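Engineer: Okay, here's what each chain looks like letter by letter:
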Amino acid sequence: MATNKIISFLTLPFKVYGTSMRPGVLMMCKIFVVLLIAHGFFGSITDSFIPFISSLDNLNQYPNLLEYFIKALFILGSTSLILNYKVRASAILIACSIFLGILASKPIFRNHLFIIGCVFFLSGLTSKEDTPWLLFFQLGLVYFGALLNKMTQIEWWTGQFMHNWLSVALENPVYNSWYESTSSLILAKLMSYSAMLAELLIGFCLFVPKFRLYAITMILVFHTILFSFTGETFGYFMEDILIILIAFREWPEQPIQIDYRMSNFNNGLVNLIKLLDFDRRFTFNKRFKAVGRGLSATNDFKFLHGKSLIVHTLLSTSGFYILILCLEMGIRYLFNDFLKYIFLLGLFWILLLLLSPIFFDYLKKVRQKKLAVNHEFE
Amino acid sequence: MKNQKIVYLCIGVLFLLLQLGSVVYARFIPEKFFCWAPYDEHTYYKIQVSLNGKALSTDEVKSRYNYLSDGWEPRSIDNVFSLVQQYEATYGKAENANVEILYNTNGNGWNIWRPIK
Chain A
1 MATNKIISFL TLPFKVYGTS MRPGVLMMCK IFVVLLIAHG FFGSITDSFI
51 PFISSLDNLN QYPNLLEYFI KALFILGSTS LILNYKVRAS AILIACSIFL
101 GILASKPIFR NHLFIIGCVF FLSGLTSKED TPWLLFFQLG LVYFGALLNK
151 MTQIEWWTGQ FMHNWLSVAL ENPVYNSWYE STSSLILAKL MSYSAMLAEL
201 LIGFCLFVPK FRLYAITMIL VFHTILFSFT GETFGYFMED ILIILIAFRE
251 WPEQPIQIDY RMSNFNNGLV NLIKLLDFDR RFTFNKRFKA VGRGLSATND
301 FKFLHGKSLI VHTLLSTSGF YILILCLEMG IRYLFNDFLK YIFLLGLFWI
351 LLLLLSPIFF DYLKKVRQKK LAVNHEFE
Chain B
1 MKNQKIVYLC IGVLFLLLQL GSVVYARFIP EKFFCWAPYD EHTYYKIQVS
51 LNGKALSTDE VKSRYNYLSD GWEPRSIDNV FSLVQQYEAT YGKAENANVE
101 ILYNTNGNGW NIWRPIK
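Residue numbers (the numbering used here), protein chains in the order written: chain A, 1 to 378; chain B, 1 to 117.
Read the hints as simulated data drawn from the structure, not as lab findings. These numbers were taken from a predicted model, which means no experiment stands behind them. Hints may contain errors.
[What the hints assert, rightly or not] Listed below are the simulated BS3-like cross-link pairs for lysine-lysine, each with C-alpha atoms no more than 27 Å apart in a straight line:
{"id": "1", "chain 1": "B", "residue 1": "5", "chain 2": "A", "residue 2": "15"}
{"id": "2", "chain 1": "A", "residue 1": "71", "chain 2": "B", "residue 2": "2"}
{"id": "3", "chain 1": "A", "residue 1": "307", "chain 2": "A", "residue 2": "369"}
{"id": "4", "chain 1": "B", "residue 1": "5", "chain 2": "A", "residue 2": "86"}
{"id": "5", "chain 1": "A", "residue 1": "302", "chain 2": "A", "residue 2": "274"}
{"id": "6", "chain 1": "B", "residue 1": "5", "chain 2": "A", "residue 2": "210"}
{"id": "7", "chain 1": "A", "residue 1": "210", "chain 2": "A", "residue 2": "307"}
{"id": "8", "chain 1": "B", "residue 1": "2", "chain 2": "A", "residue 2": "86"}
{"id": "9", "chain 1": "A", "residue 1": "128", "chain 2": "B", "residue 2": "2"}
{"id": "10", "chain 1": "A", "residue 1": "128", "chain 2": "B", "residue 2": "5"}
Start from the sequences, fold in the hints, and give me the full structure.
Structural biologist: Put into structure tokens, the structure is as follows:
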């Protein structure tokens with residue numbers, strides 16, 4: 001009995017159900033805590049130093065006071081969030097520690113840090129019952145803001161920004177060989193316009209509920225292509241954006257029973273899901289007869305089978321996200337430059353291909369709906 | 001419970017509107033903090049500081065401002081000017097340091113910026 005309690009407590013950091021937050025939002029918050037720690041946010045917290053609010057410098061009369069206060073906020077918020085205790089209040093505490101940390105020190109301002117603060121704050125304000133539309137709008141605002149700032153820079157229109165970035169800063173061999181043979185900025189212009197168009201479309205689609213899946217798909221494709229071509233994750237801005245997408249996913253409310261036909265592949269898959277499913281949301285029913293579908297289940301909304309079921313199941317287990325996070329961080333810390341780029345490239349493209357059934361399923365459904373409407377008219 | 005939800009919602013909307021305001025406000029000032037402007041310009045810069053005629057090393061400059069002293073700035077270069085200016089007008093005022101930032105934005109050629117004393 002006592003052992004069970006200890007195990008249950010130790011697995012709390014990996015569980016996302018049964019709190020006042022939606023499972024997806026809590027999963028996102030937990031990953032952000034790990035990301036912040038791994039990227040040294042805690043160590044970057046200082047007393048007031050070149051602050052945005054100059055009166056904060058008055059606190060320097062009491063050395064370490066502000067630093068310890070911000071660090072205490074972060075430790076308190078992170079610990080309670082990780083242990084699923086008062087998760088919404090914890091998210092707001094973490095947000096406050098980030099905002100205070102930035103306000104107290106201009107040099108640590110980064111967009112990739114600020115966005116995490118915003119997301120924690122809005123997550124704390126979002127109730128379990130509601131769609132996290134504050135987060136949709138936050139992300140939409142990021143894309144519209146980025147677009148507006150680019151549109152007002154003449155060198156985003158002439159291609160000069162993109163040319164300097166790719167050719168001089170990144171020394172991109174593909175771009176440079178093309179430029180050397182043509183001496184034209186047309187490719188730089190094309191890429192600038194594509195980036196601005198992508199930001200416009202993503203921003204717009206995020207604000208319209210009907211188009212949100214398109215926005216999510218475009219975000220995944222846009223950032224993966226951008227990474228493929230530049231090898232840049234912009235600090236950890238790209239990771240931030242992809243992690244926020246976790247909050248947008250509807251996680252199943254009721255436990256799901258998966259029926260599966262005996263085979264080596266299915267057995268292995270079931271074992272993997274059991275390993276990743278810390279919340280024990282999935283139960284399994286083995287079929288010995290070779291009839292029916294290999295894998296099938298009915299969740300809150302629909303009947304799922306095959307590849308779609310595998311993807312939906314993996315995306316509804318906290319262990320899957322933790323696994324991806326460990327892989328991503330492992331690659332970052334173990335490898336340098338070229339190998340890091342190659343492995344991250346492989347990881348991002350595999351993820352993109354893995355997630356594609358959701359989008360294709362959606363398109364199929366839209367098509368079927370249209371056909372049904374046409375039939376009605378006929 | 002319902003009232004609490006509405007209050008939280010209003011705070012959330014206000015928070016987003018503040019950001020929107022910040023995006024608009026940033027059109028009228030050179031610095032680009034809190035306005036979602038990553039990679040709107042790309043600048044190579046080098047901060048040079050000399051105290052009493054002695055030039056500080058790259059690491060010394062870095063620890064003076066807690067900021068990269070030589071490299072690429074993917075946000076507005078005015079963000080860097082802003083923090084150097086603030087340092088020299090406050091903590092570093094008595095030192096009367098000679099500070100110069102050599103910078104090249106989007107490959108358009110080198111310029112020099114100096115803090116206002």
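Engineer: Indicate, hint by hint, whether the structure satisfies it.
Structural biologist: Structure-based check of each hint:
{"no.": "1", "hint": "B/5 <-> A/15", "result": "25 Å, holds"}
{"no.": "2", "hint": "A/71 <-> B/2", "result": "33 Å, violated"}
{"no.": "3", "hint": "A/307 <-> A/369", "result": "22 Å, holds"}
{"no.": "4", "hint": "B/5 <-> A/86", "result": "16 Å, holds"}
{"no.": "5", "hint": "A/302 <-> A/274", "result": "22 Å, holds"}
{"no.": "6", "hint": "B/5 <-> A/210", "result": "24 Å, holds"}
{"no.": "7", "hint": "A/210 <-> A/307", "result": "24 Å, holds"}
{"no.": "8", "hint": "B/2 <-> A/86", "result": "19 Å, holds"}
{"no.": "9", "hint": "A/128 <-> B/2", "result": "13 Å, holds"}
{"no.": "10", "hint": "A/128 <-> B/5", "result": "11 Å, holds"}
Hint compliance for this structure: hint 2 is the single one not met.
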